[in-house]
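Undergrad: Each chain is listed here by its residues.
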Amino acid sequence: LHNATLYSPDAAETTADFAAHCSAVRGSYRDATDDSWRNRGERVTNKISVLMPYPEQTHTTELRLAPRVDSLRGCTVGIVNNSWHCMNLIVDEYRRVLVETYGVTDIVEKRISAAQKLPVPDVEEMATRCDAAIVGIGN
Amino acid sequence: MTLLTSTRELLDDDSEVVNQYFYDRGLTDGLPVIAPTEERVLRFVEAIEHGPSHSFGRVPPLNGLATIEKIAVNAVMAGCRPEYFPIIVAALEAMLEPEFELAGMQPTTNPLTPMLVVNGPIRHRIRLNCGTGVMGPGWQANATIGRAIRLILLNLGGASPGEVDKCTQGFVGKYSLCIGENEEESPWEPFHVGRGFSSDQDVVTVVGVNASTNIHDSSASWEDLLKTLTRSLISPGTANVADSYSTPVIVLNPLHARILADAGFSRERLQAHIYEHARLPADGLSNRRAHLRREDGAERFLVDGEIPFAKDPLSILIVVAGGMQGGHSCYLPNGHYGHVLSREVGGQP
Numbered sequence: 001l002h003n004a005t006l007y008s009p010d011a012a013e014t015t016a017d018f019a020a021h022c023s024a025v026r027g028s029y030r031d032a033t034d035d036s037w038r039n040r041g042e043r044v045t046n047k048i049s050v051l052m053p054y055p056e057q058t059h060t061t062e063l064r065l066a067p068r069v070d071s072l073r074g075c076t077v078g079i080v081n082n083s084w085h086c087m088n089l090i091v092d093e094y095r096r097v098l099v100e101t102y103g104v105t106d107i108v109e110k111r112i113s114a115a116q117k118l119p120v121p122d123v124e125e126m127a128t129r130c131d132a133a134i135v136g137i138g139n
Numbered sequence: 001m002t003l004l005t006s007t008r009e010l011l012d013d014d015s016e017v018v019n020q021y022f023y024d025r026g027l028t029d030g031l032p033v034i035a036p037t038e039e040r041v042l043r044f045v046e047a048i049e050h051g052p053s054h055s056f057g058r059v060p061p062l063n064g065l066a067t068i069e070k071i072a073v074n075a076v077m078a079g080c081r082p083e084y085f086p087i088i089v090a091a092l093e094a095m096l097e098p099e100f101e102l103a104g105m106q107p108t109t110n111p112l113t114p115m116l117v118v119n120g121p122i123r124h125r126i127r128l129n130c131g132t133g134v135m136g137p138g139w140q141a142n143a144t145i146g147r148a149i150r151l152i153l154l155n156l157g158g159a160s161p162g163e164v165d166k167c168t169q170g171f172v173g174k175y176s177l178c179i180g181e182n183e184e185e186s187p188w189e190p191f192h193v194g195r196g197f198s199s200d201q202d203v204v205t206v207v208g209v210n211a212s213t214n215i216h217d218s219s220a221s222w223e224d225l226l227k228t229l230t231r232s233l234i235s236p237g238t239a240n241v242a243d244s245y246s247t248p249v250i251v252l253n254p255l256h257a258r259i260l261a262d263a264g265f266s267r268e269r270l271q272a273h274i275y276e277h278a279r280l281p282a283d284g285l286s287n288r289r290a291h292l293r294r295e296d297g298a299e300r301f302l303v304d305g306e307i308p309f310a311k312d313p314l315s316i317l318i319v320v321a322g323g324m325q326g327g328h329s330c331y332l333p334n335g336h337y338g339h340v341l342s343r344e345v346g347g348q349p
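Quick note, the sequences are listed as chains H and C, same order.
For the first sequence, our numbering gives the first residue as 1, with consecutive numbering after it.
For the second sequence, our numbering gives the first residue as 1, with consecutive numbering after it.
What the hints contain is simulated information worked out from the structure, not anything from laboratory work.
Just so you know, not all the hints are guaranteed correct.
To be verified - Derived Cβ-Cβ restraints for the label pairs, each shown as a range:
id: 1; chain 1: H; residue 1: Arg95; chain 2: C; residue 2: Glu83; range: 49 to 59 Å
id: 2; chain 1: H; residue 1: Pro119; chain 2: C; residue 2: Gly264; range: 17 to 27 Å
id: 3; chain 1: C; residue 1: Glu163; chain 2: H; residue 2: Glu56; range: 17 to 27 Å
id: 4; chain 1: H; residue 1: Val108; chain 2: C; residue 2: Ala263; range: 17 to 27 Å
id: 5; chain 1: C; residue 1: Asp224; chain 2: H; residue 2: Val108; range: 56 to 66 Å
id: 6; chain 1: H; residue 1: Thr76; chain 2: C; residue 2: Thr213; range: 23 to 33 Å
id: 7; chain 1: C; residue 1: Gly323; chain 2: H; residue 2: Asn46; range: 43 to 53 Å
id: 8; chain 1: H; residue 1: Asn46; chain 2: C; residue 2: Pro161; range: 39 to 49 Å
id: 9; chain 1: H; residue 1: Thr105; chain 2: C; residue 2: Arg231; range: 31 to 41 Å
id: 10; chain 1: C; residue 1: Asp224; chain 2: H; residue 2: Arg95; range: 28 to 38 Å
id: 11; chain 1: C; residue 1: Arg25; chain 2: H; residue 2: His85; range: 46 to 56 Å
id: 12; chain 1: H; residue 1: Glu56; chain 2: C; residue 2: Thr109; range: 42 to 52 Å
id: 13; chain 1: H; residue 1: Glu56; chain 2: C; residue 2: Pro161; range: 18 to 28 Å
Just so it is clear, CB atoms sit at the ideal spot from N, CA and C, and this is done for glycine as well.
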């Protein structure tokens, strides 16, 4: 604040005084949309370099994906059902569409409770038996 | 040459410009932040032994690498002082253990957030509030340590509200929730000593919690206090009733704790008493919540046909914090499958 007066409640008892004070204070700041100050030799806003808080790389970019299947016809598909109400409804529709529309021959469903993990033996069984898997989270 | 490798942006050195920049990109909790300049970030990195590229793992679900540099950038933004940094690092290290189940906490509809409980001499060195208003405003250490954790979960874990973080309502504790135990006015050994540490160690404990519920009783009678306490703890809508794996937290004010201690209650005896008396009849749950309990296999925790407050007495966490006046304690339910974990501050990973 170069030229603004300090606000004192005692000295600005009326609304008009207060409004004048606010105007003076505002006038001492550079309007963010007004860059005319650049040519007037007034206070120049410096630049600062800030570091970004987000990751430049994420694990997703480094994950090795399982081989994709060209077609689901004749495949065995695994479904992990986390037992939430919606997933219990969706899983029946998955079964119907996979068999009727995509020619899937067998479906292996494993149920887990809410936020629990699929036990390792079940993961290994699915990896052995299934050509593809759907991890269902219906919440 | 700099040691820091984060992407940089050149901004006007104007707090409004800086704040708007970060806010517009979804990198804040909605409150103003301190500009994370290299000089500020380096002061944090220097506060601990590890170099800026040292990593404690990845923060799910975005799986951003939790390097010292990135943790420091977020801590600066939160308004922390460098001397708080070891607590943040230790807490995050614990939260990234698989047992903490951060991946389940981040996107859940449950109003769940990590609560940090700090024990040891560091509480005094950094002026962490343990007494009057311990969960309220006014204390830089409490406010900004918890906030740094939230910004890390947002920026490294990708828990953007409404997009990845699907919390139905949330609660204010998701901005920040960090308390110190009032060891000096507690009648019992410090919370972290019961968890295997020595009293002179600085320790942070992390546990996922829901919003706190006030428990008010200004009686000087221990029988009255226990009656109010046990009956306040159990209700069919709280998370830990349906999710019996959880570890609910009771924060007793020091006066309540002393009245109970004077009546012969150790922390362990109080845990056992609450386990015995804070119970809900099994038919007190809705069909849906009873179904969830069956799906979770929690029926085996029923005792005499009733649902206890937790699956066993040791799962009931009792911390002493707050002031001596007014007769207010609280508890924080917990709908989290993750474990409560403690780490020494400044300890070896």
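Undergrad: Each of the hints needs a verdict: does it hold here or not?
TA: Going down the list of hints, with the structure as the test:
Look at Arg95 of chain H against Glu83 of chain C: about 58 Å separates their beta carbons, and that is inside 49 to 59 Å. Checked against the hint of 17 to 27 Å, the C-beta distance between Pro119 of chain H and Gly264 of chain C comes to roughly 44 Å, which is inconsistent with it. One distance hint, 17 to 27 Å for the beta-carbon pair Glu163 of chain C and Glu56 of chain H, holds here, with the actual separation near 20 Å. Against the hinted window of 17 to 27 Å, the Cβ-Cβ separation of Val108 of chain H and Ala263 of chain C comes to about 58 Å, which falls outside the hint.
Restraint check, Asp224 of chain C to Val108 of chain H: a C-beta distance of roughly 57 Å satisfies the suggested window 56 to 66 Å. For the hinted restraint 23 to 33 Å between Thr76 of chain H and Thr213 of chain C, the CB-CB distance of approximately 49 Å leaves it violated. The supplied range of 43 to 53 Å is met by Gly323 of chain C and Asn46 of chain H, whose beta-carbon atoms lie about 45 Å from each other. A hinted range of 39 to 49 Å is violated for the C-beta pair Asn46 of chain H and Pro161 of chain C, which are about 33 Å apart.
The hint said 31 to 41 Å for the Cβ distance between Thr105 of chain H and Arg231 of chain C, and at roughly 57 Å that hint is violated. Separated by about 58 Å at the C-beta atoms, Asp224 of chain C and Arg95 of chain H break the suggested range of 28 to 38 Å. The beta-carbon spacing between Arg25 of chain C and His85 of chain H, approximately 36 Å, falls outside the hinted interval of 46 to 56 Å. In this structure, Glu56 of chain H and Thr109 of chain C break the distance hint of 42 to 52 Å, their C-beta atoms being roughly 31 Å apart.
In this structure, Glu56 of chain H and Pro161 of chain C meet the distance hint of 18 to 28 Å, their C-beta atoms being roughly 23 Å apart.
This entry does not satisfy hints 2, 4, 6, 8, 9, 10, 11 and 12, going by the numbered hints stated previously.
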